[in-house]
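Now that you have both chains on their own, put them together as the hints suggest.
Chains as they are written, first to last, in numbering that gives the first Met the number 0: chain A, 0 to 265; chain B, 0 to 207.
Simulated from the structure, these hints should not be mistaken for laboratory data.
Some hints could be false.
[To be verified] Residues from chain B that face chain A, not an exhaustive set, calculated with beta carbons under 7 Å:
hint : residue
1    : Thr13
2    : Gln16
3    : Val20
4    : Val27
5    : Ser32
6    : Thr52
7    : Phe56
8    : Gln133
9    : Ile182
10   : Ala183
11   : Arg186
12   : Arg190
[Claimed, not checked] Far from chain A by the CB rule (all over 12 Å, computed), these chain B residues:
hint : residue
13   : Asp7
14   : Ala9
15   : Asn17
16   : Glu198
Glycine residues also receive a C-beta, built at the ideal position from the N, C-alpha and C atoms.
Each chain, letter by letter, is given below.
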Amino acid sequence: MAQDHQEHPTLEQLSAYLDGALSSEEGAFCAAHLPHCASCRSELASLRLTRDLLRTLPRATPPRTFTLTPELLESASTPSTPSVPAQSATASPEAAPLLLPRQQRPAAGARAGHPRLHRFVRVLSTLAAVIALALLLSGLLVLVQGSNSSSSVSTVARPAPAVSTASSAAQGGHPRATATPSTVEPHGLRPGSTAPPASSNPMSGSERGPSPTASLEALLSAPVLLLLLGGLLLIVSLVGLLLTRRAGLPSWPHQEGDKGNRQATR
Amino acid sequence: MHARPDADEAELLTRSQNGDVSAFNELVLRYQSSVYNVALRMLGDADLAADITQDTFLAAFRHLANFRGGTAFRSWLLRITTNLVYDHWRRQRRHPEESLEAASDEDDPQSPVTLAQLASADLEANPELYLLHQELQELIQRGLAELPPEQRLAVILCDIEGLSYEEIAAVMQTMLGTVRSRIARGRSRLRAYLARHQELLPRPFRSP
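Just chain B, same shape as in the assembly (with noise of 0.2 Å):
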């Protein structure tokens, strides 16, 4: 599903170029989670995210020309994403009552499980372990959405869609450097926010 810049794809950016949308659909189903995935964490919002990811494939296929190779297509598209998501927050500032997001922060604490038991399969199979998860999820979500914006488009690259640091680069059309201070004060910060929530965080996210 991942981005494998083949002799493939680039016929299919040829095609899609010259405006051939079934080309270009195959692109889409190619890059469509990817391109999710990233709104989605970015957000917070499932329908927002997909909002954002047709645009992305709107805005893409119109504007192709400017695509060049150089750059991988899944950066290109995801910086169209992210361009995308930083107007969506321009025009949230502008409108401020759109967005009131309850976030309530009191849990109860959960019984400790280890992250191999969350990180295994059978999930479904563990109902007890599947809602502890979710919870998980959510905590992270809202970590993420605790730092600031640059910093938390770095962490989902890196430690989400697992891009590398020269992907990263691309999409944020910045340095390596920064990159690498984006993703490491995003690290810190989110590991921040789940030691003062860590009574929520399986054993061995605890501090010692």
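Just chain A, with the same shape it has in the complex (with noise of 0.2 Å):
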């Protein structure tokens, strides 16, 4: 039995012992060394004890069963999680796990919602951009009317322009732009004074001024507004649809559609 005492097993060394996951040459020099060393006996031992307390542990139970049903694997079909390990991986053992996950899901208790919420969101957004598609036919309808009638005819799409001629389009708006007048104030004064004042009598009287140009102010942004409002519901609409079909939802027919839309209108 030769004994080296002078050079004592490492700390890996002893806590591998425990678990007899030693090469054998090493199993045998702690073998060898532990009879004569008690350092290194009492360090094995309170390892030893440590390894043991772990072991009271008991193992939990789960709360509940985890087999997949078709809800949970409907709800959850997001797009590829990379925390999953691809089998081939290379090294990097820090790094993998700490792939991307799930930042498509809010909060933890929240997936039991996700199928409702995704065909809100879905119903939502098709709404939006119908109501925005309207909303910008009726603006341009209005526009188009309007430049029609004072005999500027090149310029159909573009907001600046039209509300230098927008108080012939006046007439052309009246019906929409009376049934939302305070609303559509306020929203309305912004493009309408920031605009090249072309025919800017009336503006300048509309912030508290009498009611007939009160009026006049809301039926002339009324085009501009109505065509903002579309772009904006439009771009909220396309948002929705775009998330909710990212989370991969059968995709959705009438976004093709509104893209080539919205690059119509614009």
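Below is the structure:
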């Protein structure tokens, strides 16, 4: 029994020795060393106690069964989660587990509501898209009518000249603009006032002016407002559609049409 | 309940890879305890652990094509679990207000009990012992929470889940030497933690 007290096993070796996970050579070295070295024996003993303590932890019983249901599969059909290890993954053990996970999931407990939420968002988005198109179309119509009657033909889709010609457009935009005068006005002021004041006489008095000029102002900005609102809504609805599509839902039939429309209106 | 990679499992895996959910659910039943326990010990939170467990199986089912044998299915699963746990921590780091654990360390010293008593099965028969055991569990869980994640994972896989060093290396995608060192450092650190709280420990665990 050769003895080499002078060289102690490392902490790693002692720990692995506990598990019988040393190479036979290292194992023999430990086995030979320990009987002669009290400090290593106590080191080993305390490691063993620690391990035994860990082993007293009972296995927890899962609170439920985690079998996959159709609902679960549907609700969680998110795009590929990169946290799944590729079988052939090369090294980089620290980096790999930190790959992006499920940002799509806002809260851990919210999964149950996902399918409904998705459907809701989709419906809302479509609705928004439809309204947006209606707004855009009516805005364009108003503009076209306005520019026709004032005989400046060239500018259909550009809002700034539209303001200048909008005094005549007021006739065309009348029903819609009077329908929502109070909400239209504050928004309508902004595009109107930043636009080149070609026919600015009514605008200057419109802030708290008499009712005729105020309503005129509302009418003036109506087509621009319609276009703006339509554009905004369209963007929102497209975002909504894109999001729900990214979540793996059946691709949305209107989407391409919407895109086309948006490009057309620009 | 533990992994025994047999022909039965290979067949279940093949069927699962062909989209057979019921075959996959048999694998779920087989491994949910392992997955849940690892998540629970890593996180120290039962609800979160349940979420992670569910997500593990969902992700596994969706990416089953990536699994090509070679490693054990359990190692692959636990690797997904580990990734999800890390993901959770990263999200938590971005929103730290979500996790404020109040850990009160002041407990009264307990009467000494031997490990043999603790390990004995009829804890339920002895309420006092049972209570002590509960407290001991909490102490160990707090000790685990003090370990750096890789050491914690290595120790959990080794001493709680009973995985071999080779399996742990597969889960952690690292080399045997690294596994060995993580386990050793984890145990040593836990030992130090327990020594700082040894008045809470049963007698056999107090330093001589």
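Verification of the supplied hints:
Annotation: Thr13 of chain B was flagged as interfacial toward chain A, and the flag is violated, the nearest CB pair being 15 Å apart, outside 7 Å. The interface hint given for Gln16 of chain B is violated, since its Cβ lies 13 Å from the closest Cβ of chain A, which is over the 7 Å cut-off. Look at Val20 of chain B: its Cβ gets to within about 6 Å of chain A, closer than 7 Å, so that hint holds up. About 5 Å separates the beta-carbon of Val27 of chain B from the nearest beta-carbon of chain A, less than 7 Å, and the hint is met.
Given the 7 Å rule on beta carbons, the hint for Ser32 of chain B holds: about 6 Å separates it from the nearest Cβ of chain A. Nearest Cβ of chain A to the Cβ of Thr52 of chain B: about 5 Å, under the 7 Å cut. The hint holds. Interface hint at Phe56 of chain B: satisfied, since its Cβ lies 5 Å from the closest Cβ of chain A, which is below the 7 Å cut-off. Nearest Cβ of chain A to the Cβ of Gln133 of chain B: about 10 Å, over the 7 Å cut. The hint is violated.
Below 7 Å, beta-carbon pairs count as interface contacts, and Ile182 of chain B has one with chain A at about 6 Å; its hint therefore holds. The interface hint given for Ala183 of chain B holds, since its Cβ lies 4 Å from the closest Cβ of chain A, which is under the 7 Å cut-off. Contact between Arg186 of chain B and chain A, as hinted, is supported at the beta carbon level, the nearest pair being about 5 Å apart and thus within 7 Å. A hinted interface residue such as Arg190 of chain B counts as satisfied when its beta carbon comes closer than 7 Å to some beta carbon of chain A; here the least separation is about 4 Å, so the hint holds.
Residue-level check passed: Asp7 of chain B sits 18 Å from the nearest beta carbon of chain A, beyond 12 Å. With a least CB separation of 15 Å from chain A, Ala9 of chain B remains clear of the 12 Å interface cut-off, as annotated. Listed as a non-interface residue, Asn17 of chain B keeps its Cβ farther than 12 Å from every Cβ of chain A; the least gap is roughly 15 Å. No Cβ of chain A comes within 12 Å of the Cβ of Glu198 of chain B; the nearest lies about 15 Å off, and the non-interface call holds.
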